[in-house]
Amino acid sequence: MKLLVVEDEDSLRDTIIRSLEKERYVVEYAADYHEALLKINDYDYDCVVLDIMLPGGSGLSLLEELKTLRKKESVIIISAKDSIEDKVTGLDLGADDYLTKPFHLAELHARIKSIIRRKQQEGEMNIALSNITVYPDRHVVYIDNKEITLNRKEFDLLYYFVTNPNRLISKSALAESIWGDYIDQADSYDFIYSQVKNLRKKIKTAGAMPEIKAVYGFGYKMIIDE
Amino acid sequence: MKLIHYTIRNLSFPLLIIMTIWAAAFYILILHEIDDETNDSLQNYKGIIIKQFLTDSTMRQSRPDIMTRYHIHEIQASEANLANDIFYDSSKYIDIEMEYEPIRVLRTNFMTSDAKYYELTIETSTLEKEDLIETIFISIIALYIVLVICILFVTRYVFGKSFKPLYTILDWLNKFRLDKPIKPLENETVVEEFDILNKAIMDASDRSTSLYGQQRQFLENVSHELQTPLAVSINKLELLSENPDCTEEQLSDIASIHRVLNGIVKTNKSLLLLSRIENKQFADTKNVSINEISDRSINEFNEIYEDKQIRLNFVQKGILRCTMNESLAGILIKNLLKNAYIHNRQNGEINITITDNSFTIENSSNYPELNREKLFNRFEKQTGNKKSTGLGLAIIKSIISIYDIRIHYQYNGKHQFILTFR
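Chains as they are written, first to last, in the numbering used here: chain Z, 1 to 226; chain S, 1 to 422.
Honestly, the hints are just simulated from the structure, not real lab data. Mixed in with the good hints, there may be bad ones.
[To be verified] Here are the simulated lysine-lysine pairs, DSS-like style, with alpha carbons at most 27 angstroms apart: (1) Z:LYS2 / S:LYS236; (2) Z:LYS87 / Z:LYS72; (3) S:LYS164 / S:LYS199; (4) Z:LYS22 / Z:LYS119; (5) S:LYS266 / Z:LYS153; (6) Z:LYS22 / S:LYS236; (7) Z:LYS202 / S:LYS129; (8) Z:LYS87 / S:LYS286; (9) Z:LYS2 / Z:LYS113; (10) S:LYS164 / Z:LYS87.
[To be verified] Covered by chain S, according to a simulated footprint, are these stretches of chain Z (three or more residues, beta-carbon under 8 angstroms): (11) 20-33; (12) 62-71; (13) 158-170; (14) 213-225.
[Said to hold, decoys possible] According to the in silico footprint, chain S covers these stretches of chain Z (three or more CB under 8 angstroms from chain S): (15) 8-17; (16) 190-201.
Quick reminder that beta carbons are idealized off the backbone N, C-alpha and C, glycines included.
Extracted from the complex, chain Z is given alone in its bound form (with noise of 0.2 angstroms):
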């Protein structure tokens, strides 16, 4: 998997590297509009993490460049922008996804995975972490073979961590991601708790072999032994 991360903040653009990095994707990087013009002219990616705002131009642009160019990668716009007209701009043009700055490192990997499993299967698409089988679009779970209830969200949970295995997930990147932006987070850590530890024992009753962990005061992390 290759990915291009174009974002002009230095110290953002390495942390988003290093993250992605670890997933064992290859990473490469432009910090400004014609670098990254550059290089979607002359390679080809699976996926662009995009900033809007560049020095020398704008990502919007950009995005109207790999459509004339006919290209197939998948884009991600990060924007420190947080207006529905420019989410609906960004999605018009041709993005898959749109994440407001400051997001989870998490929830960035949640959605490149989801945007290169959707461009990967055609049909129906599903996650398989292990012995547990995740169909997102049905919202049916799989462990060995047999299909286990969840509520609603209790399934969001679910996929959260199969997208995020062996990763430290904050509390907080958790409720965004069930909640939205806009519920207090901090007031939903009490529901996450419940959830989860009802999410655990009915994994572990199914027998799934990941195993949800609590890591005391941050959040969870779904271990699997390889």
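Fit chain S to the supplied structure of chain Z, relying on the hints for placement.
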């Protein structure tokens, strides 16, 4: 009140007084003139009768006639007053008509050459005068009404014609939106004042549009400048937390920094939201159902705060629809709901009532009555709840002020907020 009605109202009052005075004066003048004419003719008649009497003293001493009668009789010298003619109105019974008729009388004294004094009384019927007065009176009233109506119509017409540019300007201003491109103001006029007004309005709107743009730009820059370093810090902490060498103690510290940073992000987002609302950047409106929004949000909050075991009564007495921005409507209801939940006590209660034009939410709480004056101020935390950013009610206030919704707070053992929609 419209300008035209105001003008007509202001115009009709002095008009009424002036016209009334004028009509009264005209009436009195005409009346006086008629009396004068009658007096003149009586005097003429007097001259003729006296002249006749002096030449022919055998002439009849009285003449009964319906229109004009006279009567001469001798008087004592001592009673005579040769200097004055006396005119007065009276009435007389007329046999033929079998009723009293109005008359005007001239009484005068004269002396013959043989030093005899006589008194002459001439009476003339003033029946025509009555008719005349009546006709004049009716004409004046009719003229008065027609004149007033004409003046009002002319005023209306002239007003409409002269102030047309003003209404063009008003219409244009009504359609003017800061976040939409400015349409040129097409308002050709020969009136200098309106021309100045046209130019002033175009200038002002150009200026505000550019200021609005600058402010918007500034907001975006602030958002960018703050969100990016926050993103860097949060993501670095997340990377750090994934390091297997981290001890539990270090992880706990990282977690608390992470929490603080998320709090800053939250406050920053709320402040940006407030500024965006106040800059009217949520301009797209549609007809939204408050019932549906409430229903959806209630379910979400119930799940989040299920630990508090709060009883919620949702009564829909009517359908509340409002033309507003959909996301703002959501933010408004969610903020009110969130307040009701986070300031509630364990096993508390929330009552929501929706009618055709109001949304009422009340919650039980351990906190006493809130200070109304400071309630909607930014960063006002009257309850001392650490989970509150202190911006929730400020956001509510700024949303309702765009849409002409009124909010009222009252305390009756429970904290009650009532939104009244127009």
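Evaluation of the provided hints:
Only pairs whose Cα atoms come within 27 angstroms are accepted, and LYS2 of chain Z paired with LYS236 of chain S is accepted, the gap being roughly 23 angstroms. Taking the CA atoms of LYS87 of chain Z and LYS72 of chain Z, the gap is about 20 angstroms. The hint holds against a cut of 27 angstroms. Among the hinted pairs, LYS164 of chain S with LYS199 of chain S is consistent with the structure: their alpha-carbon atoms are about 16 angstroms apart, no more than 27 angstroms. The hinted pair formed by LYS22 of chain Z and LYS119 of chain Z meets the criterion: a straight-line CA distance of about 22 angstroms does not exceed 27 angstroms.
For the hint pairing LYS266 of chain S with LYS153 of chain Z, the CA-to-CA distance comes to about 23 angstroms; that is within 27 angstroms, so the pair holds. For the hint linking LYS22 of chain Z to LYS236 of chain S, the alpha-carbon distance of about 14 angstroms falls within 27 angstroms, and the restraint holds. At most 27 angstroms may separate the alpha-carbon atoms for a hinted pair to count; LYS202 of chain Z and LYS129 of chain S exceed this at roughly 115 angstroms. Note on LYS87 of chain Z and LYS286 of chain S: the hinted pairing holds, with a Cα-Cα distance of about 19 angstroms set against a maximum of 27 angstroms.
The suggested pairing of LYS2 of chain Z with LYS113 of chain Z holds, with an alpha-carbon distance near 12 angstroms, which does not exceed 27 angstroms. A hinted pair counts as satisfied when its Cα atoms are at most 27 angstroms apart, and LYS164 of chain S with LYS87 of chain Z does not qualify at roughly 44 angstroms. Counting residues of the segment 20-33 of chain Z whose CB lies closer than 8 angstroms to any CB of chain S gives 1, so the stated coverage by that chain is violated, three being the minimum. Evaluation of the coverage hint for the segment 62-71 of chain Z: breached, as 0 residues show C-beta separations to chain S shorter than 8 angstroms, against a requirement of three.
Look at the segment 158-170 of chain Z against chain S: 3 of its residues bring a Cβ nearer than 8 angstroms to a Cβ of that chain, three or more, so the hint holds. Coverage of the segment 213-225 of chain Z by chain S holds in this model, with 5 residues showing a Cβ closer than 8 angstroms to a Cβ of that chain against a need of three. With 5 residues having a Cβ less than 8 angstroms from any Cβ of chain S, the segment 8-17 of chain Z passes the three-residue criterion, so the hint holds. A stretch counts as covered by a chain when three or more of its residues have a beta carbon under 8 angstroms from one of that chain; for the segment 190-201 of chain Z and chain S the count is 3, and the coverage holds.
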